[in-house]
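Chain X is already provided as a structure; the job is to place chains H, U and Y with the ligands on it using the hints.
Protein chains in written order, with our numbering: chain X, 1 to 141; chain H, 1 to 141; chain U, 1 to 412; chain Y, 1 to 412.
It is worth saying that the hints were derived from the structure and are not from the lab. A couple of the hints might just be wrong.
[Claimed, not checked] Within a straight-line C-alpha distance of at most 20 Å, the following computed EDC-like cross-link-like pairs (lysine to aspartate or glutamate) qualify:
(1) K269/Y with D72/U
(2) K150/Y with D168/Y
(3) K23/U with E53/Y
(4) K23/Y with D72/U
(5) K409/U with E12/X
(6) K23/U with E68/Y
(7) K23/Y with E3/H
(8) K23/U with E145/Y
(9) K42/U with D16/U
(10) K409/Y with E29/H
(11) K40/H with E29/H
(12) K274/Y with E3/X
(13) K269/U with D72/Y
(14) K269/U with D140/Y
(15) K91/H with D72/U
As a plain string of letters, each chain reads:
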Amino acid sequence: MSEALYQSIVLESSRNPRHAGRPDVFKAEGQSENRMCGDKVSVFFNGAELRHEAQGCTILAASAELMCEAATGKTTGEIAILSDKFEHLVKTGQETPELGELNALASIAQYPSRLRCATLPWSALRDAIARAGSTGGPANG
Amino acid sequence: MSEALYQSIVLESSRNPRHAGRPDVFKAEGQSENRMCGDKVSVFFNGAELRHEAQGCTILAASAELMCEAATGKTTGEIAILSDKFEHLVKTGQETPELGELNALASIAQYPSRLRCATLPWSALRDAIARAGSTGGPANG
Amino acid sequence: MSTTLLPLDVHAIRRDFPILSQKVHGKPFVFLDSGASAQKPKQVIEAMRFVMEEQYANVHRGLHYMSEKASDAYENVRDKVAELLNAGSREEIVFTRNATESINLVAYTWGRTALKPGDAVAVSEMEHHANLVPWQMLRDAHGTELRIIKITDSGELDWDSLEQVFADGKVKLLALTHMSNVLGTYTPVERLAKFAHEHGAKILLDGSQAIVHRAVDVQAIDADFYVFSGHKLYGPTGIGVLYAKAEILDSMPPFMGGGDMIASVSYQKSTWAKPPHRFEAGTPAIIETIGLGAAIDYVRAIGFENIAAHEQHLTEHALSTLSGIEGLRILGAAQDRGGVISFVMKDAHAHDIATLLDRQGIAVRAGHHCAEPLMGRLGVTSTARATFGLYTLPEEIDALATGLERVRKIFA
Amino acid sequence: MSTTLLPLDVHAIRRDFPILSQKVHGKPFVFLDSGASAQKPKQVIEAMRFVMEEQYANVHRGLHYMSEKASDAYENVRDKVAELLNAGSREEIVFTRNATESINLVAYTWGRTALKPGDAVAVSEMEHHANLVPWQMLRDAHGTELRIIKITDSGELDWDSLEQVFADGKVKLLALTHMSNVLGTYTPVERLAKFAHEHGAKILLDGSQAIVHRAVDVQAIDADFYVFSGHKLYGPTGIGVLYAKAEILDSMPPFMGGGDMIASVSYQKSTWAKPPHRFEAGTPAIIETIGLGAAIDYVRAIGFENIAAHEQHLTEHALSTLSGIEGLRILGAAQDRGGVISFVMKDAHAHDIATLLDRQGIAVRAGHHCAEPLMGRLGVTSTARATFGLYTLPEEIDALATGLERVRKIFA
Ligand SMILES: Cc1ncc(COP(=O)(O)O)c(C=O)c1O
Ligand SMILES: Cc1ncc(COP(=O)(O)O)c(C=O)c1O
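Just chain X, same shape as in the assembly (with noise of 0.2 Å):
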């Protein structure tokens, strides 16, 4: 139906969200910005764990959310597989199991103009990691 899209996941995941703040310490801070709609989000890399601060709209709010939520844990390396997914999933509208709930997002695919909300987070994320990496920290899995 028209407005998959908005389904429980995502509203659940943007109206409680478990990561969102900034964390006290942290290793790196990335963030991203869509001038086209003012959105704004900062993702705190702190090796394992990650936290954001998403300002904007639900869409960007469940994603920052479920990509905190999926990427916790997991090595730069991984995280960087899992976000080339993310893409192609949204980029597409084709689930894939190894993507979890991070697949409540595939019908963004319909939506061109709301796919850098989804995506943003996501270089949030890359540009973190690029900072902690030059900063020397330990980061790299």
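Just chains H, U and Y with the ligands, lined up with the frame of chain X:
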């Protein structure tokens, strides 16, 4: 016929002008230019006598010649009337006996973009008369 | 809500706009985004087709039939625009790409010659970026100051702030929107022009939104500059208008250099053509200008009195219908306001609203509407916005309300 | 002359151009003024109709179906232009109104930042005003120098003069036409780019005429800037292109301020979007850009090899046919020349020629062709000019010759 504009009076006046060339003495010179095509005309006013220097197309040259011929010996008041009648002629294509040989230019009305070729000498003449007037010359009819 | 007593025969008008009978996601297309760009009547499409199929050539420089026809048609639109605005003469009308270019043209030419470093330009808190960024760029390049006139909480110009901004006599240009593209507020342009002139300033009005809904008389307003875009007035893209008083245009150096804007060219020195051609370098948007002419004919045939009454009717209907939706807040409450309704909803981000409405075939805009500083003033990062045109039906506003109820339920 | 062995099926092509079957003054329309602006194939007209009737809304900022469709279609043309020019990336393509605006954009932004007072810009004696006046204006505003490279009597770039102009190392920009709109001369752009780069200068090529007839590869040329207009390439008016290398565009400040060209706006400071959007302020020429896309599809489907061969064929035919006319003199005799033939006739002024031909249904241009200084160099005040497009038939050149014989008789 379609080439009516280029009838013999027009061709003849442009080829063998009798009022062309800068005189040694004159009361005032008036100029006019068409920036679109680079055509230029100067009119030399000397009370009763008029001469012209036309650089440009056949229509311009013919119009300058026919104008000098028609306006020579006229008062500035009479010239103003003639000028209005000529303007009317080239805009409407309607000949009037008072205009004499100037009527040869009637069919310019079918060529709106060439209108200025015909009217350019007349604006140079008005310019010359204005200058003669403003320098206190005796040319007021 | 019924459609009886509409000031316009909207159903007949809608038949002129082929796109309105499209379906979107299988639903009837409800287009509430005319404020961003309006749809085009078949009269405009036909005028453009006609010139391309029957009377096209480059203008001004041609001595042949097609060029004459195209030049006449092109220049004829200058007369139509002059009439539309009641300009003093056709030479006061300059064709540009859009309102944005019109304002930039003024900033680059008049701004860099008539204004001196230290002079100030005043804009309001509710300007579109098009009427803010060019003055910032002028400030940074030329040393003028940029001052901001506050708006009240109801979304009207704050007259106290206006007076403060003008108090030291440095303001030489008041650049203001004639109608806000976010709040729908109309500004009292006659009064403002008088105020500006009494304080030794010129006034530039951004008519991008206002021109669509009201008869504009630049002489009655006593505007020094007035700008708008063709594409919001049911015309094509790629064509905009700058009106400026003749003596001001005369004093302005050219903006761009090239063909058609010169009187003569030599390597040492070129001399400029008279306005308006001085400001129209190169091959103009011939086809689009002719399209704009058809759009002007179209709206004038309907009549601005009727258009304004229709807009009033729709605006009232929208305000009353939408304010009944729980958790929805409409931004701005100006006395004199028109068919631009921005709103936010509790728990639902503007983009989510727009996406969910789109799935129901309803097109609204969401975002900062090119007015970021205004968003800050309103304490939001973005809004959803519904805007109306002369083809908008009250039923479409009802459809919006139904759609919004559905959005509310999803996010409840 | 027969039409056999034509590289193109011109008769089939002509059926795509509705205007070509018009009559002018009761005569078949012979359009030999494509160099000023080309006619439009029905594919272009149809693409514009389609967007207006079926998929129109403002681009970029919309989250609804119509806006997405229009944005996709608009941005898609950027890819088409990038392919047409073989640009390194789509981000190197900026949409403007026309070639004139493209050059002015470079002069205003790159010219006022990368060039310092005392640096020189070099142009040739055969530039269109569009590639001369902006550099004069830059000179007068910014203190750069303007240098003129001579041409030879055959109408080719004078290499000695080029070397002299560059000798002191001050020239930082070589701004040249890729094909003269008066003489038909093609300039050796690869060699010139190499020369400019070796001398520490950038090269800007005015491709307004060349793009119509030849495959252009900006990477093979190693052009820093390349500009053209849509309307000469069988596309609509109101849309032009600026190509610039990515690193150059990145370094350039914006030209106009407004919507879509910003990253963020506050009263104190705004930040600019990345190229190409940084240079596209306000609502772009959406419909016209889409029309240009259709024009590019059209010419590419025919193929530039065929188009170039056709032009070559017509040019040779014209040169041989017209040179047989008593008292007629063709201007320019470059080795590498294309379908632009300027001529003068003994005793007949160019305007009289144009008017008399028009009465026979034949459209040629007459005047200085926006190249006043070149007229001076050639020792004329104006010329008549016949230019060819992909729909031009050899028989039309024969008709021109017949028409000119008639003109000759009138003035004999
Ligand atoms: C060589 C050349 N450069 C520049 C231009 C200017 O093109 P436009 O008027 O489309 O900006 C033209 C066409 O008039 C031209 O032929
Ligand atoms: C109030 C206002 N000013 C200026 C503009 C800019 O118009 P354009 O993008 O057509 O230049 C708009 C439209 O976006 C507007 O609503």
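Consistency of the hints with the structure:
no. : hint               : verdict
1   : K269/Y with D72/U  : 45 Å, violated
2   : K150/Y with D168/Y : 17 Å, holds
3   : K23/U with E53/Y   : 12 Å, holds
4   : K23/Y with D72/U   : 19 Å, holds
5   : K409/U with E12/X  : 14 Å, holds
6   : K23/U with E68/Y   : 15 Å, holds
7   : K23/Y with E3/H    : 18 Å, holds
8   : K23/U with E145/Y  : 59 Å, violated
9   : K42/U with D16/U   : 5 Å, holds
10  : K409/Y with E29/H  : 36 Å, violated
11  : K40/H with E29/H   : 13 Å, holds
12  : K274/Y with E3/X   : 34 Å, violated
13  : K269/U with D72/Y  : 45 Å, violated
14  : K269/U with D140/Y : 9 Å, holds
15  : K91/H with D72/U   : 15 Å, holds
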